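As given, the protein sequences belong to chains A and B, one line each in that order.
Throughout the first sequence, residue numbering follows my numbering, covering 1 to 242 in sequence.
Throughout the second sequence, residue numbering follows my numbering, covering 1 to 205 in sequence.
Heads up, some of the hints might be wrong.
So, partial list: chain A residues that the calculated Cβ filter (under 7 angstroms) puts toward chain B [stated by the list, open to error]:
#1 Leu53
#2 Lys65
#3 Thr67
#4 Trp70
#5 Ile73
#6 Arg77
#7 Glu85
#8 Gly87
Label-pair restraints from in silico Cβ distances [said to hold, decoys possible]:
#9 B:Arg41 with A:Pro17: 51 to 59 angstroms
#10 A:Ser139 with B:Gly120: 55 to 63 angstroms
#11 A:Gly140 with B:Gly120: 57 to 65 angstroms
#12 B:Lys201 with A:Ser108: 56 to 64 angstroms
#13 B:Gly157 with A:Asp71: 56 to 64 angstroms
#14 B:Trp47 with A:Gly8: 39 to 47 angstroms
Quick caveat, the hints were computed from the structure, so don't treat them as lab data.
These figures come from a predicted structure and were not determined experimentally.
Here a beta-carbon is modelled for each residue, glycine too, at the ideal position from N, C-alpha and C.
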Amino acid sequence: MALVEFRGVSYEIAGKPILSDVSIQVEAGETLVLLGRSGSGKTTALKMINGMLFPTTGQVLVDGKPTTAWDPIRLRRRMGYVIQEVGLFPHFTVRDNIGLVPKLEGWSGVDIDRRVDLLLERIGMPAAEFRSRYPRQLSGGQRQRVGVARALAADPPVLLFDEPFGALDPVTRLELQQQFLSLQRDFQKTSIFVTHDVREAMRLGTKIALLAAGRLDFIASPREFRSAASPEARAFLACLDN
Amino acid sequence: MRPDLLGEIFSLTADHLLLVLNAMVVAIALGVPLGIFLTRRPKARPWLLGFANIMQTIPSLALLGFLIPIPLIGGIGKRTAIVALVLYALLPILRNTFVGILGVEAAVCESAVAMGMTDGQLLRQVQLPLAARTILAGIRVATVTTIGTATIAAIIGGGGLGVFIFRGVASLDTVQILAGAVPAALIALAADGGLGWVERKVSPV
């Protein structure tokens, strides 16, 4: 059974279609990249997975159960969420930011400390040095690393990424992409990753779903995507050549 | 300085402080929850903000006049004065609570919701701490204004430092006017300084 499934999903705002009849299956352990231009509906699709939005018609299923049938709080705590603006709490230390969901889930302080230190070491930020810092005392790349650690904190089976590395300089972005792949190998999460960067899609995805004006244009592995024939896919692939 | 006024200065200053304190406690107890309510109910915004705005535009003497005939809250004395002061203090507190919460960075609130915070957790752990400074600024402005406005309580028998001022104006006695105005100004300055200090202290980041 697919861990996350879009089944004939459409979404409209005031009669204007944002997504039209999208069906996608994401198996456990996969990294599905939602690729598309700005306004293609990829962020909307992502927000339907953790019940921030609900389909106008069709269903999004998580563990075989429609998101409308889930308690939204339970659903969201099973999913890490990383966005471009990071959204760290400015009044929380790095430790409290990363430990947020564990704390909401009622972990003990000792367990939270242990988990935070482990994750900080894992993302290359020595715990002793960074644990007590505030977000404003971190660089952009460090903030996003903490954002990723925060998403992983309560060990959720699914991770959602909304252009997480889009605001970073190219060198830092590459470092974080490499870290993403290494974390993916270690933690074996199911990830859904929104981007408009075709290079990033090819590098990180095990499967690429191309969205064009709210429709699923093409869905395939990165290798198959290279030889896709649709005009939108060709337009994206042309970006790889220069 | 007339030594005969000294005792009265102390008792009327205490009276004045009590008046302001009562009004501010009620205004905060109403204004902050109402401000929070407005962040959750966009449809109520024009009504409540409109009401608070209108209250501010009514001249203070006229407002007292309007309140006197109203049963339960009206009449002559402290209670009516406090009601009028609360109505004046409401707008800055209400507005700053509302603006402060809505001013919390959208990405921070979105993350909080996406991580599975309930609305109450979002409010208590994220929005209120991050809006605290703005809310306190509203309380400071309201307090300073209330200290000045409270001098008119005397006209309906509400007491306070206004007693000196009205008596002084009636008898053309400048010393009596100053005996009311100077302590009121000093209290306002002290409140401004003290609350400003608290504001900087609670700054979350």
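Going through the hints against the structure:
1. Residue-level restraint check for Leu53 (chain A) is violated (minimum Cβ-Cβ distance to chain B is 11 angstroms; threshold 7 angstroms).
2. Checking Lys65 (chain A) against chain B: minimum C-beta separation of about 16 angstroms lies over 7 angstroms; hint violated.
3. Here the hint on Thr67 (chain A) is broken, as its CB sits about 13 angstroms from the closest CB of chain B, past 7 angstroms.
4. Because the smallest distance between the Cβ of Trp70 (chain A) and any Cβ of chain B comes to about 11 angstroms, over 7 angstroms, the interface hint for this residue is violated.
5. Taking 7 angstroms as the C-beta cut-off, the interface hint given for Ile73 (chain A) holds, the closest approach to chain B being about 5 angstroms.
6. Checking Arg77 (chain A) against chain B: minimum C-beta separation of about 4 angstroms stays under 7 angstroms; hint holds.
7. Satisfaction of the interface hint for Glu85 (chain A) is found here, the shortest Cβ-Cβ separation to chain B being roughly 4 angstroms, below the 7 angstroms cut-off.
8. The interface hint given for Gly87 (chain A) holds, since its Cβ lies 3 angstroms from the closest Cβ of chain B, which is under the 7 angstroms cut-off.
9. Roughly 30 angstroms separates the CB atoms of Arg41 (chain B) and Pro17 (chain A), a value that falls outside the hinted 51 to 59 angstroms.
10. At roughly 34 angstroms, the beta-carbon separation of Ser139 (chain A) and Gly120 (chain B) lies outside the given 55 to 63 angstroms, and the hint is violated.
11. With their beta carbons about 32 angstroms apart, Gly140 (chain A) and Gly120 (chain B) fall outside the hinted range of 57 to 65 angstroms.
12. With their beta carbons about 31 angstroms apart, Lys201 (chain B) and Ser108 (chain A) fall outside the hinted range of 56 to 64 angstroms.
13. Judged by the Cβ atoms, the range 56 to 64 angstroms given for Gly157 (chain B) and Asp71 (chain A) holds: they are separated by roughly 58 angstroms.
14. For the hinted restraint 39 to 47 angstroms between Trp47 (chain B) and Gly8 (chain A), the CB-CB distance of approximately 42 angstroms keeps it satisfied.
This entry does not satisfy hints 1, 2, 3, 4, 9, 10, 11 and 12, going by the numbered hints stated previously.
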